[in-house]
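Taken in order, these protein sequences are the chains called A and B. Final position of the first sequence in the numbering used here is 224; the numbers increase by one with none missing. Final position of the second sequence in the numbering used here is 290; the numbers increase by one with none missing.
Read the hints as simulated data drawn from the structure, not as lab findings. A virtual CB, placed ideally from N, CA and C, is assigned to each residue, including glycine. A hint or two may mislead.
[Said to hold, decoys possible] Derived lysine-lysine pairs resembling DSS-like cross-links, with alpha carbons at most 30 Å apart:
| hint | chain 1 | residue 1 | chain 2 | residue 2 |
| --- | --- | --- | --- | --- |
| 1 | B | Lys229 | A | Lys183 |
| 2 | B | Lys241 | A | Lys121 |
| 3 | A | Lys153 | B | Lys248 |
| 4 | B | Lys248 | A | Lys152 |
| 5 | B | Lys229 | A | Lys212 |
| 6 | B | Lys241 | A | Lys212 |
| 7 | B | Lys229 | A | Lys164 |
| 8 | A | Lys131 | B | Lys241 |
| 9 | B | Lys241 | A | Lys148 |
| 10 | B | Lys229 | A | Lys148 |
| 11 | B | Lys229 | A | Lys152 |
| 12 | A | Lys134 | A | Lys179 |
| 13 | A | Lys156 | B | Lys248 |
| 14 | A | Lys134 | A | Lys212 |
| 15 | A | Lys121 | B | Lys229 |
| 16 | B | Lys229 | B | Lys248 |
| 17 | A | Lys152 | A | Lys131 |
| 18 | B | Lys229 | A | Lys153 |
| 19 | A | Lys121 | A | Lys134 |
| 20 | B | Lys241 | A | Lys153 |
| 21 | A | Lys148 | A | Lys131 |
| 22 | A | Lys134 | B | Lys248 |
| 23 | B | Lys248 | A | Lys121 |
| 24 | B | Lys241 | A | Lys152 |
| 25 | B | Lys248 | A | Lys183 |
[Stated by the list, open to error] Here's a subset of chain A near chain B, in silico, CB distances under 8 Å, partners left out:
| hint | residue |
| --- | --- |
| 26 | Leu155 |
| 27 | Met158 |
| 28 | Ser160 |
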Amino acid sequence: DTAVSQTPKYLVTQMGNDKSIKCEQNLGHDTMYWYKQDSKKFLKIMFSYNNKELIINETVPNRFSPKSPDKAHLNLHINSLELGDSAVYFCASSSRGNEKLFFGSGTQLSVL
Amino acid sequence: AQSVTQPDIHITVSEGASLELRCNYSYGATPYLFWYVQSPGQGLQLLLKYFSGDTLVQGIKGFEAEFKRSQSSFNLRKPSVHWSDAAEYFCAVSGNQFYFGTGTSLTVIP
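Work out the full structure, taking the sequences as your base and the hints as a guide.
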């Protein structure tokens, strides 16, 4: 069973469109994250949720809106997509005390 | 402020040679330290972690890392590299959140 699963794996879309990426974890973790990895492989945290509550919101355009319907899910909705949004987006979850971070396999977003 | 520095952007080694990837961190307390590996098109997989105790930690795939508090370092080592080790390697420190280094890309030549 996949511990952290995110869909879709690839997302190709036009500028100005709205898209969503879904993430689910079956590890029973309370904390979930979204990271953005740019073309230089730099990993930047975007959001962190603990038990459905937003606890980290880094400097991210408000076109990006996370939604956590329950502690096992953290979806990412992106409005009015721009060329610069092209990147790989990773969902992750962590155990209590941040003892380990588990990653999904990533969503490659290409904005044309 | 917490931060992680990986000074080597790219390293090339021959298959069978030894490997050391450098990591320096800045953290106010005793850190939780991690090394992750990312193969092309994949997510990040945990190689090993240090919380406390023995400063030499063993991980998967034959990797080990040594925590040196005096040098604020947590370097990753492997005695003999295999072609399948070619990947991106990330050092991370955990506090109220995880902080990642910029990664080191490893190329293995036959």
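Notebook entry, point to check: Holds or violated: are the alpha carbons of lysine 229 of chain B and lysine 153 of chain A at most 30 Å from each other?
Noted result: With a Cα-Cα distance of about 21 Å, the restraint between lysine 229 of chain B and lysine 153 of chain A holds, given a limit of 30 Å.
Next item on the list: Please work out if lysine 121 of chain A and lysine 229 of chain B have their alpha carbons no farther apart than 30 Å.
Entry: The hint holds at about 28 Å.
Notebook entry, point to check: Between lysine 131 of chain A and lysine 241 of chain B, does the CA-CA distance stay at or below 30 Å?
Noted result: violated (38 Å)
Checklist line | Given pair status - lysine 164 of chain A, lysine 229 of chain B, alpha carbons within 30 Å | finding: Distance of about 27 Å is within 30 Å: holds.
Note to self: Hint check: lysine 229 of chain B vs lysine 248 of chain B, CA-CA at most 30 Å. Holds or violated?
What the structure shows: holds (14 Å)
Next item on the list: Below or equal to 30 Å on CA atoms is what counts here, so check lysine 134 of chain A against lysine 212 of chain A.
Entry: holds (21 Å)
Next item on the list: Decide if the proposed pair is consistent with the structure: lysine 248 of chain B and lysine 121 of chain A, CA atoms, cutoff 30 Å inclusive.
Entry: violated (39 Å)
Item checked: Hint consistency between lysine 148 of chain A and lysine 131 of chain A [alpha-carbon to alpha-carbon, up to 30 Å] -> holds (15 Å)
Notebook entry, point to check: Can the restraint linking lysine 152 of chain A and lysine 131 of chain A be considered satisfied, given a maximum Cα separation of 30 Å?
Noted result: With Cα atoms ~23 Å apart, lysine 152 of chain A and lysine 131 of chain A stay inside 30 Å; holds.
Note to self: Checking one constraint from the list: CA of lysine 229 of chain B to CA of lysine 148 of chain A, max 30 Å. Satisfied?
What the structure shows: Distance ~23 Å between lysine 229 of chain B and lysine 148 of chain A Cα, so the pair holds.
Margin query: With the threshold set at 30 Å, check whether the alpha-carbon distance from lysine 229 of chain B to lysine 152 of chain A stays at or below it.
Written below: This hinted pair holds, its Cα atoms lying about 24 Å apart.
Notebook entry, point to check: Does the structure keep lysine 241 of chain B and lysine 212 of chain A at a Cα separation of 30 Å or less?
Noted result: The given pair, whose Cα atoms are some 18 Å apart, holds under the 30 Å limit.
Going through the hint list in order, the structure does not satisfy hints 8, 22, 23, 25 and 27.
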